[in-house]
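Q: Chain by chain, the residues run as shown.
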Amino acid sequence: MPDTISFRLNDRPVDLKVDGDRPLLWVLRTELALTGPKFGCGSGFCGCCTVLIDEQPTRSCLMPVSAVAGKTVVTIEGLAQDGQLHPLQKAFMAHDAMQCGFCTPGMILRAWGLLHTNPQPTEAEIVHGMEENFCRCGAHPRIVAAVQTAAAEMRGGR
Amino acid sequence: MSTLEYRPVDFHLEVDPPTFSPPTRREFLARLGGGIVVFVAIGNLATAQEAFRAAGERPRPSLPTDFNAFLRIGENGRVTAFTGKIEMGQGPITSLPQMLADELEVPLDTVDIVMGDTDLCPWDAGTWGSMTTRFFGPALRTAATEAKAVLLELAADSLHVPASRLAAKDGVISDTQDPARRITYAQLAKGQKIERHLTVKPTLKDVAQFRVMGRSVLRRDAREKVTGAAKYTADIRLPGMLYAKILRPPAHGATLKSVDTSAASAVAGVQVVRDGDFVAVLHELPDVAEGALEKVKADFDVPPPHVDDKTIFDHLLGMAPAPTVVNQGGDLAAGRQGSTRKFSATYLNSYVAHSAMETHAALAHLDGGRMTVWASTQNPFGARDEIARALGLDPRDVRVITPFVGGGFGGKSFNLQALEAARLARAAGRPVQVMWSREEEFFNDTFRPAAIVKIDSGIDAAGRMTFWDYEVFYAGDRGAAQFYTVPNHRTASSGAGWQGPKGSHPFGTGAWRAPGNNTNTFARESQIDLMATAADADPVEFRLQQLSDPRMIRVLKAAAEHFGWTPAKTPSKRGYGVACGIDAGSYVAAIAEVAVDAAKGTVQVKRVVCAQEMGVVINPEGAMLQMESCVVMGLGYALAEEIHFKGGEILDTNFDTYTIPHFSWVPKIETVLVEANDIPPQGGGEPAIVVMGAVVANAVFDATGARLLQLPMTPARIKAALKAV
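So the protein lines, in turn, are chains A and B.
Under my numbering, the final residue of the first sequence carries the number 158; numbering is consecutive throughout.
Under my numbering, the final residue of the second sequence carries the number 883; numbering is consecutive throughout.
FYI, nobody ran anything at the bench for these hints, they're computed from the structure.
Among these hints, one or two may not hold up.
Simulated crosslink set (DSS-like; lysine-lysine; CA at most 27 Å straight-line) [said to hold, decoys possible]:
id : chain 1 : residue 1 : chain 2 : residue 2
1  : B       : K881      : A       : K90
2  : B       : K881      : B       : K764
3  : B       : K453      : A       : K17
To give an idea of the interface, some chain A residues facing chain B are shown, with a C-beta separation under 8 Å as derived from the structure [stated by the list, open to error]:
id : residue
4  : F7
5  : G20
6  : C48
7  : I76
8  : A80
9  : G83
10 : F92
11 : C103
12 : P105
13 : M130
14 : C137
15 : A145
Pair by pair, the computed Cβ-Cβ distance ranges are [claimed, not checked]:
id : chain 1 : residue 1 : chain 2 : residue 2 : range
16 : A       : A152      : B       : L702      : 26 to 34 Å
17 : B       : P462      : A       : E131      : 39 to 47 Å
18 : A       : P119      : B       : P659      : 57 to 65 Å
19 : B       : P659      : A       : A124      : 45 to 53 Å
In this text, a Cβ means the ideal position worked out from N, Cα and C, and glycines have one as well.
All chains should be modelled from the sequences, with the hints used to inform the complete structure.
A: What follows is the structure in structure tokens.
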């Protein structure tokens, strides 16, 4: 049953002997010892398990690990480069855009995908883009503000 | 094991009075090593008892009087605060060190905090009721003040200067007449083993002297939370650990008739644990355990459903004991007689789920007779005692450690998942993690109870309230007290208590952010509004006319001024609503603007101005964040959240049918902190949520003339109310 599945994870090559039907979320959290992608609902509703697959925000709880063969996976652990936080991470900190923080990794990666395709989103476009990621603590207004701040910084060029 | 095992444990029955004594100071000291350690007892235990009562809990005669807070100044000069409180997003990981740094005169970044570890922290009742800042805060500040006094004494000896000539700043004590004569806290703590136990209350800093308190500082957990480094319970890994998936009945009250685990056992690496009705499947991989659980064939006896989410209110009223009068004054009969208009209304509120993004999780490890349990809990000491009792262990052999908690809202006050993990770790002989699925979370949740409020009231020809007869069923009396001026009044409560009378609720119920007050404020503020309408009065002016409490008058005026309120009779078609409330010692007034889509029955809340007076504010940014949080979360119970059920079967099992607020629901939120530096710090995590049901209902009325008497205001209910206009 185990297949060998190769992909890039947070800028490193990974070769895994693993049952390809296993959900990516649990492979990341067990074999690959990551903790950033969170289990929230197990059904793709909440977005806590969001990771980037080939730059697309994707719910890892519903994705079989075989589907990422040959692709590039980025989790929240891989977003900072050389110890430098990504503008989104800095903006989330500056705006206090979190409380319990459990949804935060998924929020930041969802926002990354949004800004990747639309570097200059309006407030309404941010709201629309983030709509299906859930936050129970009610940090929404600050998350929207943080995405705006990060977008401005990224447009200014790093 | 009976099926009762699946029901939440009644925390109060378990630990009130506590069966076990908390660890002693001597035990703590042995664990802490050198340095200066200061213990304090909360000065006024009567106040703490009042707090429990205000939070809807039974007073605890057995609160420990030995000590409640302590801190250590280490030989490296770092200061550590130890608290049984936990961080679930509400911010004490930041605000408590702010208090400590300020009183002790040390830089904020030299303060560490240890939270929710039962081996290292003083006993604590639990993190709820917006009590951390109000009641733990003063104790911690007192400990810091006393520690500073000890350091000044030591410095006086060391520098040969009278203590009166010394001043402390940034962890250094110096001679005010010769600043070159100085010594650091680290130098003073070196080689010391000093213990102070304080009972006399020292003088805390005045607001004018605040250096760190009263300022907005960056959340201390922010960096960890944006990088994924923050560890929650399910992120803790131990060598050899197993993941458990537990068999659940299809409905509360169901009993297991037969079970066949052979197919699950046949999965490679699976271990099945069975103890009566308690059946669990364990594996080194959580998804394999889940797959194996699906292979368990179980047959349950499910009792026929007697009640559902439609019939529940009649059921509850039928079961309700005679109401107990909480508060009364004047003469109701005389009040009725003196009324020109009388109003009678019944308000309904639904069961709602906590729905924290992190489901309940625990990791248990039995090692050499000592059980260590990492748990997502608001109540680590309660968890410790429950585990000890359930497993027959000495509580001193149980340690509960609380990593970051991914949201609580009252729902993590019970510790069933921690008990399950502990039982399984003992049975399996290996560390075991239990993390509930979302479906288990909805099934095992202790929902905010459905509730009913009946109000009779009246006004005279001048539009003044003449009488107020208020009965609340199942929500408890938190927030029920009438703060408007009315000469003849009675407030009574029936069926209060987390779980209600036996047989009332078909599943577990419990505290939910500002328990009871959401229901009480919805009912009271709706009734005030409908009287204002009948009196042809502006709802803000009508309220101001009936208010005498200066704190409430101030917040209402602040909200109206910030909103730009102009008086009008309702319904004005503007879609403006107002509501006031008191919770956890804080005063709140909110004004909302809504738009109603009559065809769809939907409400878009466009703008909310929320004014709050909460005494001295420790971290203004944190306070405003909590207010915003309350506004957003409150939209859920106002507009959508409601548990559907048939008997003990919970029909909402995930976020497909149970909807929590989304980004597009969020209005423009403007928070106003009303300064009150002459009042000690009050609660901040809950108060602003209590007004959300009423402020939206009143705005919907103002927009449409339709009065909603039931929460949540779903499209179906709004369309029905619009038809009745």
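Q: Can you give the numbers of the hints that this structure goes against, from lowest to highest?
A: 1, 4, 5, 9, 15 and 16
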